[in-house]
Structure formats: C-alpha cells, structure tokens
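So the protein lines, in turn, are chains Y and C. Numbered per the numbering used here, the first sequence spans residues 4 to 465. Numbered per the numbering used here, the second sequence spans residues 15 to 180.
No lab work stands behind these hints: they were computed from the structure. For each residue, glycine too, the CB sits at the ideal point set by N, CA and C. The reader is advised that the hints may include incorrect statements.
Where chain Y lies over chain C, by a calculated footprint (3+ residues, C-beta under 8 Å) [stated by the list, open to error]: (1) 43-49; (2) 82-93; (3) 166-174.
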Amino acid sequence: MIYKTEIRGPLINGDKSLAQISRDIIAPIDAKTPVWWFAAMAVSLGMLGFGLYCIYLTLAYGIGGWGLNNTIGWGWAIVNFVWWIGIGHAGTAFSIFLLILRQQWRTAINRAAEAMTVVAVMCAGLFPLLHMGRPWLFFYIFPYPNTRGPLWVNFNSPLFWDFVAITAYILISASFWYFGMVPDFATIRDTAKSKIKKAIYGFFAFGWTGSSKEWLRYEGLSFVLGGIAAVLVVSVHSIVSTDFAVSVIPGWHTTIFPPYFVIGAIFSGFAMVLTLVTVMRGLYRMHDYVTDSHIDAVCRVLIFISLIMGTAYMTEIFMAWYSGSIYEFSIIFNSRMFGDFAFQFWAMFIANAVVPQLFWFKAVRKRIWIVFIISIIINIGMWFERFNIVITSLSRDYLPANWADYSPSWIEVGIFIGTLGLFISGVLLFFRFIPMIAISEVKSVAKFNKPRVSASNSSHHE
Amino acid sequence: MNKKYFTGVFSDEDSLVAAFGKLKEKGLKPDEVYTPYPVHEILDGMGNKTRISHAAFFFGLFSTIGLIGFMYYVSVIDWPLHFGGKPFNAFPSFIVVNIVATILVITILTLFTFSVRAKIFPGKEPEIFHPQATDDKFVMLFSSEFSKEKEDMIVQIVKEHGAIEK
C-alpha cells in the first residue's frame, strides 16, 4: 500500500532479523519476574481485595449501602460501567479500524489494546450485575423458556439490548484476541527451552504450524471477524447510549447520543491505549517496536477525536438553547455549565476538548512523560463526562420537588477501586505471560523500508 | 509422519517467493509451505481456496431469520404483553438485538468452522517439519513421490535461494 512504505518510514527500528523479533518480544516471558512486577501486583491485588469486600457488603446488605436515593437511582456504578465499557472499546476499535484502513503501524500496539479491552469489559460487566440488586437472579435476563409464566424478556428494553451487546462484545473481543495469539504461542512453543513451557504454550497454540492452509483460513477468519466486529464496536456503544437516549430525561433524550458515545468510547480507549503502551514501552524497553512514531500517530488520532468531542459538547449546548425546551436549557446551563455541577462539567470540557489540543505541538508529542500525563488527564476527563451525563440529569429533572443531590458511599468508591485493581492485575498478568506485541504481525511488516538484499526484486507485498 | 520427505529452507520472504515462482514455472509445487507470517504469493500460489466468508454469510443469514422468528414467537404468539403501547410485533426494537446477536452467532460458528477446517484445536499435537518455521525460517515441504529428474530440478532451484534439509 502507498502509506506504509513511502511516508511513514520504518515501522520497527534497529534493522532486526526475524529471529531477533521473536527473541525481543518473548524476552519478558522468559526473564525472571522483576521486583516491581510483584510490588505492582501486590498493590493491585490489595485494591481488588478491597473491591471484593465492598462487593461482599453489597451482596450481603443490598444496594442500600450505596449513596443512591429515589431520584438518583444510577450512581457511580453506571458512571463506572460506561467509563469501563468505553475504554473497552478501544482495543477492538484500534485493531479493526486500523486494519480496515490498512494502517500497518497498528501491529505493534493491537495486542496490548485488545488485552486491555478484555479486562476493561470484565470490569464493566460487574457493575450492571451488582446494580441488579439481586445479582443471583441475573439469569432472569436470559430469554429462555422458564417456569415463571413463561415470562420472557422485554425486547423493547435498552437494558436488555445492553445485556446482549455486552455479552456479545466480551465473547467476540476475547476470541478475536485469542486467535490473534495462536501463531505467537506456537512461536513460544517452538523456541522455548523449558519442557513445561513448551507443553503449556503448546496446548494453547492449538497445534499451529504456520502452514499455508492454516494461514489461508486464518486470514479468512480475520477478514470475517474484522468486518463484523467493526459493526459490533459501533453498535455496542450505540446501544449503551440508548440506555439514556431512549428515556425522557432532559440531557439524555437527544439524537446525538449514539455517535457521541461511540466517539467518546474510542477517545477514552485510545487514551488508555496510550497510557498502557507508554508504560509497557518504558518498563520492557520496547522502544524499537513501539517507536516514537507510533506514539506520535496515536497522539494525532487523539487530536482529531478531541475536536469531535468538542463539537459534540458544543452541539449539546447549542441544541439546549435552540430547541427552546426549558428543561434541556435548565439542565445544560443552570446545572451543568453554571450550576452545582459546574466543576465536573468544566473538568470534562477542559480535559477532553482543550488539553488534547496540546498534541498539535511536536514538542509535546515527542516528550513521552507529557504524553503519558495527558493520556491520564483524558481518562479522568472521560470519567467526568459520564458523571455529568448520569448524575446531573437525574438530580434535576422536571419536578423541583424531586430534586436531590448525590454523593457516593465508600462502598461504591471501593467497588470502583476494586475494578481498577482488577484491571491493573489483569494487565500485569498479560505483560508477564503473553507476548505483548503480535510477533507474527510485526514480522510481516518488518521488511518495509529496510535496505533490500535483492534490489532487483521490487515487487510490493500486501 | 513416516513418509520420506525433504524440506527447502529459506531465511527470508524474498528468496522463498523467488524459488516458489521458479518452481511454478517448471510446473512443480511443494506439498506445503510453512511461514512465520502469511505470505500472499504463497497463499495464492498454493492454489487452495477458503470459503470461510461464504460460510459466515450463511451463518449470518440463518441466525438473522432464526432470531427474528424467535422474537416474533415470544412477543406475539407465546406470551403477548403490552409494553408502553407498542404493538406486540415491535419490529424496530427487534433489529437492535438481532444485529448484535447475529454477530455473536456468526463469530462463534465461524471460529468453530475455522477450527474444524484448519484443524486447529486445543491440545492438538503439531506436525513440525522444521522447528524454526514459526520463528524465522520459511520452509517448503516436499513429501510426494517425485521422479529423480524432478527431484534434482527442485533441489537445484531451492539451492539457488536457500538450503535443502533432508
């Protein structure tokens, strides 16, 4: 393709041989586990443990332990749910959209992004489950012939759509991720010295040998999964947005919600990808694979998405005034922009629409620690966006008599901390036991822009 | 595999493709080619076709019909309930569930089809002809019976670009 060779330059630094690529990427799996890994694991397991204790309290005493009230029935749980599922969107979005656009630089990052997706969606799924109040009856939401009537589910309900979407999303993103790893597990199997490692990775490699028949079908599979997962990414977060948009609450009942949510999800996910790969690159010295130009490319994508986010915010404000609906106006102007929730609104606006504009400057993009900080700021900003949407609209609806305020109880905060712990420990396990860069995919792009041995052979390969 | 075989081993994609092209010109073809990553000249040249996308299309078609039928049965025939004044057959709502559930069905069945057709499944013992084929070597496998003359020709072509290992 045009883009990959002439403009972008080499995708991997250091003129590496194929064997060296395998060795470099597998190195962290073979190496002794570093001390910082155990320290980080201990901290994240501690967070997870605290979260599990809070979940225990929720199960034992019910969601009365949360800070919810009659007016604000969706608190931090739904804020965190939407936040996590948004982060979870990037992995698949990253792989799929860059695959469709034939962006070869995705190869160094997609594995980490997909791993992040799987863990983030697991974190997300926890919240609606706990929010059910009686999570042990969660199977009521499966449409199966039962002895309760048979009382089927309501196919008109966005909450049911959500259930289907999240179930599908976690299964599909996990299998997409896993099948991407099969050739790499085979590489570990064939290069490992230890018998135990050979046996374990051999089991997970599913007998992969790299024959042309396998690759042919594998490419066919990637094509099918890539094509339909692109639809899935867009539809899942659109469905999450309908949880809000299908209601009649001011600030939720808007047609901009589905694209706004999808873009927001990709935005927060790309920011999390950036956080993750800068950490990964620093800790495991993967600078030759995740090069400065990779970071640069993600930053540029973020500028663009940030502009769309800014446009979406402005559209909401404009429509609140232009629609002539006093309720919409009141929510956006009197509550969000200049009211009780002004801090959260402006934190969201500045973090998502203003700060990422710093990426216009090359000086910012090439300083990795600034990039890292901005990526964290975006993550926080996106959390505030969800807070704005969920809490503000509920707290100030049509009847002033119903107005209420909300602050989370420590149990809700604890569950959120628990999911952060789950996420970090999941990512640490990924770093330790799974090749964090797609070895076979990186090998396929390693040859671009390298001085060729046989200059006469000028044919370009896909 | 107890059959007699020999392999042509190449250390980069270009030599593999060059040797493969020359073999094809002489009307010869390796029985299988093992590569660390997909090489499109080889995938095309080996002459195999995959119909996995056709299979996926039909999985999608049948699951769409099945799901719409199921939701119609549930909401209209088996236990009709009024939800907010909507008709029993609230078709536009069904579309949402249908899209996502169809994608799920396609994925699961296509993965299963892939597993069956490519014979890739948990715990399978791999048939490894060259231990570096998943690492940095591009390997052609010749396991059919060739006449002496043809075998010499293959050996000669392979040696121009790589090495023969018996």
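Looking back at the hints listed earlier, which ones does the structure fail to meet? Result: hint 3 breaks, nothing else.
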